[in-house]
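Take the given structure of chain A and dock chains B, C and D to it, following the hints.
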Amino acid sequence: MDYEKIGLMAGIEIHQQLDTAEKLFCHCPTRLRDVDERCGEFRRYLRATESEMGEIDRAAEEEMKKQDRIYTYYAYDSTCLVENDEEPPAPLNAEALELSLTLAKMMGMTPVQQVHMMRKLVIDGSNTSGFQRTGLVALNGKLPSGARIESICLEEEAAQRVEGDTFSLDRLGIPLAEITTGPDMRTPEEVKEVAAYIGMLLRSTGKVKRGLGTIRQDVNISIRDGARVEIKGVQDLGLIDEVVRREAQRQQNLIDIAAELKKREAAVGEEIIEVTDLFKDTESAILKRAKCILALCLKGFGGLVGKEIQPGRRLGSEMSDYAKKCGVGGLFHTDELPAYGVSGDEVRLLKERFSAGDEDCVILVADTRKKAECATGQIRKRAMMAFEGVPEETRKMLEEGSSAYMRPLPGAARMYPETDVLPVDISEEYWESLELPELITDREKRFATELGLDESLAKQMAYSSKSPLFEEAVLKGIKPNLAARTLLSTLRELSREGADVESIPGRDLIFLLLAVEEGKAAKEAVPEILREVAGGVSVSDAIEKIAPSISEDELVSLIRKLLDERKDFVREQGMRAVGPVMGVVMKEVRGRVDGKIISEILKKEIKYMISS
Amino acid sequence: MDYEKIGLMAGIEIHQQLDTAEKLFCHCPTRLRDVDERCGEFRRYLRATESEMGEIDRAAEEEMKKQDRIYTYYAYDSTCLVENDEEPPAPLNAEALELSLTLAKMMGMTPVQQVHMMRKLVIDGSNTSGFQRTGLVALNGKLPSGARIESICLEEEAAQRVEGDTFSLDRLGIPLAEITTGPDMRTPEEVKEVAAYIGMLLRSTGKVKRGLGTIRQDVNISIRDGARVEIKGVQDLGLIDEVVRREAQRQQNLIDIAAELKKREAAVGEEIIEVTDLFKDTESAILKRAKCILALCLKGFGGLVGKEIQPGRRLGSEMSDYAKKCGVGGLFHTDELPAYGVSGDEVRLLKERFSAGDEDCVILVADTRKKAECATGQIRKRAMMAFEGVPEETRKMLEEGSSAYMRPLPGAARMYPETDVLPVDISEEYWESLELPELITDREKRFATELGLDESLAKQMAYSSKSPLFEEAVLKGIKPNLAARTLLSTLRELSREGADVESIPGRDLIFLLLAVEEGKAAKEAVPEILREVAGGVSVSDAIEKIAPSISEDELVSLIRKLLDERKDFVREQGMRAVGPVMGVVMKEVRGRVDGKIISEILKKEIKYMISS
Amino acid sequence: MSIKSGDRVSCSYAGSELEGFFITERDGKAVIKLDSGYNVGIDAGLMKKLETQAPKPPVPVKIEQDESLPPLSIVSTGGTIASKIDYRTGAVTSQFEADDIMRAIPGLAGIGRFSAKVPATILSENMTPAIWKELASTVYSEIRNGARGVIVTHGTDTMAYSAAALSFMIDTPVPIVFVGSQRSADRPSSDNVMNGLCSAAAAVSDLGEVSVVMHATTSDDYCAIHRGTRVRKMHTSRRDAFASIGTDILGTVDYPSLDVKLSGFAARRRDAEPSLDDRLDEKVGIMYFYPGMSPAVVESFKGYSGLVIMGTGLGHTSSECIPAVRSLVRDGTQVVMTSQCLNGRVCDRVYDTGRDLLNAGVIEGGDLLPEAAMVKLMWVLGNESDPGKAAELMQTDLRGELGRCTPHGL
Amino acid sequence: MSIKSGDRVSCSYAGSELEGFFITERDGKAVIKLDSGYNVGIDAGLMKKLETQAPKPPVPVKIEQDESLPPLSIVSTGGTIASKIDYRTGAVTSQFEADDIMRAIPGLAGIGRFSAKVPATILSENMTPAIWKELASTVYSEIRNGARGVIVTHGTDTMAYSAAALSFMIDTPVPIVFVGSQRSADRPSSDNVMNGLCSAAAAVSDLGEVSVVMHATTSDDYCAIHRGTRVRKMHTSRRDAFASIGTDILGTVDYPSLDVKLSGFAARRRDAEPSLDDRLDEKVGIMYFYPGMSPAVVESFKGYSGLVIMGTGLGHTSSECIPAVRSLVRDGTQVVMTSQCLNGRVCDRVYDTGRDLLNAGVIEGGDLLPEAAMVKLMWVLGNESDPGKAAELMQTDLRGELGRCTPHGL
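Residue numbers (numbering that gives the first Met the number 0), protein chains in the order written: chain A, 0 to 611; chain B, 0 to 611; chain C, 0 to 409; chain D, 0 to 409.
Keep in mind that the hints were calculated from the coordinates and are not lab data. We treat Cβ as the ideally placed atom computed from N, Cα and C, and that holds for glycine. Hints are supplied without guarantee of correctness; some may be wrong.
[To be verified] Which stretches of chain B does chain D cover? Using the computed rule of at least three CB atoms under 8 angstroms from a CB of chain D, they are: (1) 41-47; (2) 77-85; (3) 107-120; (4) 133-144; (5) 414-426.
[Said to hold, decoys possible] On the chain C side, residues computed to face chain B include the following (Cβ under 8 angstroms): (6) Gly343; (7) Arg344; (8) Cys346; (9) Arg348; (10) Val349; (11) Gly399; (12) Arg403; (13) Thr405; (14) His407; (15) Gly408.
[Unchecked claim] Some but not every residue of chain A turned toward chain D, in silico, with C-beta under 8 angstroms: (16) Cys25; (17) Gly39; (18) Cys79.
Same shape as in the complex, but just chain A (with noise of 0.2 angstroms):
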């Protein structure tokens, strides 16, 4: 596709977790927690609020269709009343305030002189209160690559999702940076590399969450005679070029039916009709047991409907997500019918009824009468914006790229000011005084220029949540390949094996490490001794009952005992009998001597022994 001929359009928000101490609205930890160590739950409603104009913001009124609006919140011993609404919120979390601003000092923008948090109407359940705390702290800034970044919000996450209408309140109020550029990519490529780049910035300052779910992208994405469309909850950087590139498929689609629409002079049938005694003996299941079948035609939709648009979907889908708004399970139109045990008499009966031919769509909706109704309602809307081609629309993302409708874009009349919280001021000398740290890409080229190590691992140190005790087992003399390998390869091997090793303490595996370049415990015996430590052995007793530290003595003796058993082959061979006895030696001493000091002694004792 010639994304510069369709006028491609995107920008991106990236939301990152950021990983401080507390919350942003009080001083619970930013822990998230199992549902069966809830400690309680409740159960609320929500409602939108009128507004001055008395309108209802567009998105809230959405949620407000759904019949049973009551949420049902877990609550945990690491949760407080903050999070249940139950009490004010605490002051702006200064360490998560910080660390935005570190975020916006480094992609050059200019913080706001101060802070006003903002609530934002959120009436999915999925807050509390029913709004989310956000307010701008910087503005205008720029990546190298030249993308523009408009804004940096400091929001609180929101409670995840159980099922259904039940949330957890672990997640709820975790500080978020919400980072938006501006409309400036062209090509899905450059979306990808963008938000690469933004999440190498976000990790370069150790203080973000890391994880699944801990950063999620919205993607804006326009094309020319399309509309602006969110994609939300895009988690896998890997998929966002294919998502841009399925949404301008999408748009391009849709532009297409809306013109063969008009060429077609189609029209969206006036009258719903009730079919439900024509599926009384129906082989659908569906239709058998529903109460109320209701059924309206498109003229002239006919094909279109069941045109897909993106892969996997259809003008249909689209008119589904529509209706279950409503509560309903979906709908059936005649583009996909007979199918599903809907046969072709019930289909051709069906037509009959609305007088429509071929190029005509009949959709079916079953449910109650009063969810049918409200389905219909929805799929009429959405039938007469196929004409318009593209709606402005807040779509989730689908496993594969693909999207699903979510609800309209929301307006901007859904912002009043979080009273609860006192405006922070930024002051000129606070913004001056604010250390950027280094940027992971700089750090793994230093990995790999000043500490030699080989290309691949600097990189993957450099990326890793352990480069800061990695550069303090470099400070204090260990050898930076032998750090690098325990901390990413060794400790994943023994994680995949069971053990816990984020158990582990810092301070141990360099205590371990140093005992190493001491030579005090055998580079070999290190996988094991952490198996110890991970089990709960302190580090020093690992180190004793794994391999006991052997005297240089010891050694010696041992090693005069193996040769003399084997004077002979040591005569015949040699120094080349260095080899084959170090076997054996390393065997005896299971790691408790670094081979090269068995190699050293070796040699002189063998040196020795065809010298006698």
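Same frame as chain A, but now just chains B, C and D:
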């Protein structure tokens, strides 16, 4: 038995629940509840408190022997924190004090100048506080029979035992008058007469509780060379003389046994021997499953342990009572063996262990070692007492009038001031102002002579709790006989049928009887009307339903119509027709008109008919 | 500067031109609402006025009331049961008109036919006995004029005091229901809707006394109906902050069904005229005793008509303070003892200092809550000049404020 | 009259000669204990002395202590954990010697080797900061001298204040356990035995802070261990009157097993020396705000070093009182805001009056209990003369008195 010869002395203590609106030390109602209505329960330990001399009251000490002294209490929505021993008592109930003083005045007593409430140690669980509040109200009265009344005390009723160590708090705190006579009675019959007279006095106030358990007599009995024994809880006045007779007999038999023991130079063996092994193959289920069987030998007790000292009671029963305080189920003694699965061989072997002969008695206790050891100690203690004759004891009455050991007679060292309740002065003016109620015996005479009730009805009415209502009815012009029969027989009969006559207010009864007197309802309809009222119908509705008023005009027309239909018969029979036709009319009006009125009209009309 | 709140402004900042609405100026910083919706604080000097945008007046949409429903009155003292947000400026305004309230809580329209009165608009911590009088007279008139129930919206801080005050001042045959919200009405999670609907359900119920209706739990599941003289705010911020002390609740209102369940002891609606007795002696205070307290603190209440002491335990002060208390009483101050324990009953007969306090003329407050005791003392002293009779009234249960017995479980 | 308490007397009354012991004379009435055990009040003039019976001195039976058990100290301030009744006169006397206490609560002998100290013998409502100092220094010495735990018997009225005071004054490596009884020790149902045994179990446990151990429920089933700075007496008379506010309990002691369970956050016993810092600025008071309060009440605390206000809701007073508060602060009084709600956290950032109070210089007390706030303020002002640092200390958690977060369920 010649009671003068054996020197019988007896006195009684009567405990009567007072029918006050509130309890003695809180404002809760004095209402008994069903345990199923409880709204909460709690569990408490009670322990004897140390006195100044380091002695613990001997009755309390006895209770402390029980291994598990935790008590469970049931609370109700009609009990409060005072019963729970969780709140200081309210001031002394003035109504209860006045009632006890009225009783005192009725018995010619002198009130104390100032009533001080005391705490009397009771740790059997029946008082949540571990003491019973009691105050001496008046002293030194005399009954017409000459029996002295030593004192009247105002006490709080204890909690009712539900089962085991579980108590119900509804009864706790109901005011209780304790009337103590001197030990002046010399025959069982005299005891009964005095008790009955005091009972009559109590009921004369009209403000005492009635029904099972609301009055309890304790009898103090001794004979010459015997000892003071208090038999508690005689609820049935009809048995009180039998209790005295049996206790006199018991004491005489114990005195005889003591003499016999001395003659035999009997002795309580020092040795406690474990004989568990002896019974490892026994047929006795109790002994077989026992963890430990201990035995001791009572030298020279042979035949005496098994001797009946009171119907159904032996010296062995007394020993068993003592042993049971340790939680064991009872004992076996060789006077009653072989029996209960214990074979003759086993008895022989057992006796051999102690080298015991026919004149000796061996006692067995089977339980855990700890309990069995405690029990043998108790048995030795009681056996030693047998040499002295009669021990001073508090005993409980058994069903037929015999008694069992409860605890030693409480010492005097068990009272100390209830400092939470302020003393109450009894002024002379107040004492003078107290009005005495008419005695029931006087009332009975008045009902017979002044109101013309027959003797039995007069007595029944005088003793009835309905007598105030009866007097009110008579004052309002209802005939005494009608009122008395309705209030006694009719209501009793309806109650037997299951009608809830207790719920019928007095004013309704008077309303109905007035209607009868005024000819608005027939006497005959009274039971049926009351049945309706008991079922929840208002009294006027019930009259209207059962006996809708018939005007005299209506009655006359009805009678004329009936006579007209029987013209020939009436002409034939003349005034003799009155009887038969009367029956027909009565049936027609179904008790709506008094028979006398019908009869008058009927006679007039028949007279007219035959004369016309 | 001639820039007013709501004016359109721009300023050069961070290399770009920011546009938005001017909100306010605070400490030299202009607060501007950017078009993105975010507020930022910026040096006031950087601001340039663009064009004046007069705030559009809200369009008053008349709400149709169902004339077949019982007439109810909403009396507001400033507690916000309803509010509107102007997203353009971010301003939140409280709503007091029946129309506005019914628009904010749509369910109300199905419960009653509403009229609204606003005798005062204050923060509840600024409530005074003088305003209680106005409030009482307003509520009284509403009942006289046929209201089947009155809902009083009130800030939660002193709601319990006001509810107690109205309990004594009005002898009411219909429910007078106090209601408030612990989370402001402008947030989607506010307890205002549920509390508002439940209070309306209570107001049309069979209840016949002054009550407080608020969340019973942290969930939106049901409201508790508390007796006005027995309720206390027991948490600074939770929805279920209000608790009945020393008594069961009067009942519950289930949500969202709005089913009302009343306890047996709750007073029932009567067919009678209300009566108003709003005389208060306002010179009554509360004093909290603490260890080491100087008798001078007691003396500082000299000249007061009444003083409620929150003593320790069963109702004690230090012996050192007793002479000062005795002087107060001798000089004509009625002193009532309550306990800082809040739960349970004052009993000064048990310990020496208690008996000394009784001898000094202190009145045992039974299980009166300190706040209810203060309000009652004001009312009693406003109505009864004889000290002995006033003391007796203080120990007589007038409006369910005094319990004769303390039930198990409380 | 030369008749003394305990003398044998007789009097002619009701036609008989009554004999008994003379107890006391009150309001012209002689109280006589008759031989039946009953007391009666009789005109003092009727009394005739019979013979003098000198009260026998109690025989001091020495209790054998098990030297293998850990040394524990019982420090008494006058709360009665043990008492004796003289049934002859009905007199109840409190017991303070280790021997007496161990005789009254026999189970103690199996838990530790006890020594006893009596720094004061007062009713707890007469407790003063000066006595806290003596108490602290006594407890400190006992720990210095090797006590593995200290049990402080204390009247319940002000026990929470004293426990908070010792929390700040002593940095302790071993448990300091406050215990009392709500039912007097002379009654068989007293909670003294269970509380005493449970406190001893807590005193030998792994705990390492100042706590209060009292009944957790109305049943004799287990005791709760409360943190000294977080406990409050919440009922005038119930056994389970003490409650931890704003935090979980530190643990439980099961009865009769005496098994101790400690929560994860309870401070543990340490191998360290105790330290004592008993400087207190005693000029600190508590003021309870109420609607309509005159600013003169605030002004009456002029000259105080510190004042704890119990405000309404999130920590408010009326606007009318704020100038008086500002004056106080300006004149050097440190003013700390707490809430009369007791539960929850003070937050003066949310409402206008709150912000005005902050501007007036009031320190937000977080979730400090008012009583703990007063004690802490005394201690902070006794140790820190710089007002800014003192204010910072007030907002810093020193002894678990301040919670950073309010857990769900509290």
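Status of the hints after comparison with the structure:
no.: 1; hint: 41-47; result: holds (count 7)
no.: 2; hint: 77-85; result: holds (count 4)
no.: 3; hint: 107-120; result: holds (count 11)
no.: 4; hint: 133-144; result: holds (count 6)
no.: 5; hint: 414-426; result: holds (count 6)
no.: 6; hint: Gly343; result: 7 angstroms, holds
no.: 7; hint: Arg344; result: 6 angstroms, holds
no.: 8; hint: Cys346; result: 4 angstroms, holds
no.: 9; hint: Arg348; result: 6 angstroms, holds
no.: 10; hint: Val349; result: 5 angstroms, holds
no.: 11; hint: Gly399; result: 15 angstroms, violated
no.: 12; hint: Arg403; result: 4 angstroms, holds
no.: 13; hint: Thr405; result: 4 angstroms, holds
no.: 14; hint: His407; result: 4 angstroms, holds
no.: 15; hint: Gly408; result: 5 angstroms, holds
no.: 16; hint: Cys25; result: 6 angstroms, holds
no.: 17; hint: Gly39; result: 5 angstroms, holds
no.: 18; hint: Cys79; result: 4 angstroms, holds
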